[in-house]
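Enquirer: As they're listed, the protein sequences go chains A and B. Okay, so the first sequence: first residue is 1 according to this note's numbering, each after it adds one. Okay, so the second sequence: first residue is 1 according to this note's numbering, each after it adds one.
Hints were generated in silico from the structure; no laboratory data involved. The beta-carbon is built from N, C-alpha and C at its ideal position, and this holds for glycine as well. Wrong hints could be hidden among the right ones.
With the Cβ distance kept under 8 Å, some of the chain A side facing chain B (calculated, not the full set) [as the list claims (entries may be wrong)]:
#1 ARG93
#2 ALA100
#3 ILE236
#4 GLY282
#5 HIS283
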Amino acid sequence: MNDVRADLLATIAGIGGVLLVASIIGAILQRRYSPDGENAAVENLNDRIRAWWVMAITISVALLGGRTGVVLLFFICSFAALREFMTLTNASRADHNTLAAAFFIVLPVQFYLIWIEWYGLYSIFIPVWVFLLLPVVSALSGETRNFLIRVAEMQWALMICVFCVSHVPALMSLNIPGHEGRGVLLIAWLVVTVQLSDVLQYVWGKLVGRHKIAPRLSPSKTVEGFLGGCLSATAIGMALKFMTPFTLWQAGLMGLCVIMMGFLGGLVMSAIKRDRGVKDWGHTIAGHGGFIDRLDSVLFAAPIYFHLLRYYWSV
Amino acid sequence: MTAWAITTFAHLLTAVQPQWQGFDPAERHQRIYFANHVSHGDFVLIWAVLPKSHRRRTRPVAGADYWRRGGLREFIGSDVFNSLLIERNRDGVEDDPIAQMAAALDEGSSLIIFPEGTRNLTDTELLAFRSGIYRLARSRPGIDVVPVWIDNLNRVLPKGSFIPVPLMCKVIFGAPMHVGKDETKDAFLARARTALLSLKPRQEDAP
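One chain only, chain B, in its complex shape:
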């Protein structure tokens, strides 16, 4: 119910439009979606455009330090979107984040991850990827890894502002990828990063 309210609000605000490029959302595969991270609303937008049957099985992976601070944040993060919370400050934490994510995949969930690790507040298009996505994809090689470019959301709700402004957004899904047998960490990270960047719409491409 709350999830419905939040995604409907996201639709009304941003008129978000999904684009599928080499990717069929109707196939009932389990997936690891990886997206650029510009706002706390990122996973809401992805959720809002996924087919309904996929939403319940798709869990955003989020930072526990932010989403476990109680109150509304905890309610939205854990109860509404069923986020998989990861402890980013690793001192004295037993759980290995990759193991946590792999366990969620083994339970049949799809995951939304943000391989930049943190919100991109700079003017560069995309920060360097952390290695987690490689280790996760390697540990569950059968699962599709899908790049997802979230366009324009950084203008809707920039850091430090509380009022979202209604600008139109797109969520662009690319072709699924897998880690090659002998592919090194750096090669895969570079390939994933290129795949994600190639989804970004360019003004001069428009007809």
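The following block holds chain A by itself, in its conformation from the complex:
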């Protein structure tokens, strides 16, 4: 147990070091190009770095707090994400009870199931039970206009913001031989690899990006940024293999897999934003937009990562 703590502290110290370097670069850029805050790009970069500090500290405290801390943190993230998603849907006055049920029954129940580690129920609760029962609540209101759209949107919001998010704390319940009690490091590895891939794709894109991948969805994503970010983040994932039960090449493959899912998740979430005509999901995190803007890549990666681990490594 003690070496979990040591490994965790090492990881946290590493993240702190990276952020410190980022803060120093940010401060130098600000002194040189934007002493009075006139360069929007530099200001946004520094906003982002500040927000990263807050996020890194929050998640570190949660990870150090063990299972309680992690479940609680992702419960709060899930709530904030669901609020952002539901705000952008067509849910109308007739769906009020359905929405209340989503926020005050489905969300807490899902995290309670994660908490008691009832795999058999938490993996089907939203896709099966809620999928079938939720439309009943909306149907009882008698409003038929846009019915399918409203129900589909609410169900998908729950899949993305509750089901997917809850699979991050669920990683702690996996029983992997030789890796007992180290579930918290699996989470740290996932979050660090996927988030660094996001950052590195951005950095590579800024430095050498020429060819846009999906200009209509996300104008800032480029082929060069994607390849550079993907490969360098995979290398980092391999370097961090001490956090995982993986061998070196397994860490590489798994890294590639979660990074791809993260990238594709980001594209899908962008498509939704374009459709709804907004730039960000919310306004809660300075420089980043909303919670979903920051979580989008982790959202898609978490359940896949969970099930690959469960299938191949867990007993």
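Since chain A is already given, all that's left is putting chain B on it; use the hints.
Expert: Relative to the frame of chain A, chain B by itself:
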């Protein structure tokens, strides 16, 4: 204390975000805020985003028939938010509502009024304005009249429901206006209504 608890709850629930369009909240002017009225929580949301120094001096104008029914409602309406209660059923009531409001302005308070007169429970964006706002603005022409659009709160707590659902809200403040010297009632009401509607965010405007 209770006010702090209620506004904090409003923040947690709706992550309410203020937007200032042609309006500087830091200026310590006395103001008449006029807003669209969709929920009993309207003035709470405006209160929650106003700078702290303004809150204590800003009184919501509310219907006495609703907020004077005793108990928790009366406590929240009168004691916590210091509402100015107006008798909507005017039979046999001596006080002229405009005079009441003007008196509160003369004491240095700012006011929050809902010129639709009642909560808008229809699908239209904004009901017709009652004339009170014109008469009030006319009687105290020096005071800024500020349009305030409350966005999305109607989905948080629709009429007849008791559980608020957490959706994100915005409160958008527009540029202050004044009654023109020779402006007629209808012209001013139309102008105020347009000013308020123009604050409403439109999906296609988003970048």
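Enquirer: Which hint numbers does the structure go against, in order from smallest to largest?
Expert: 3
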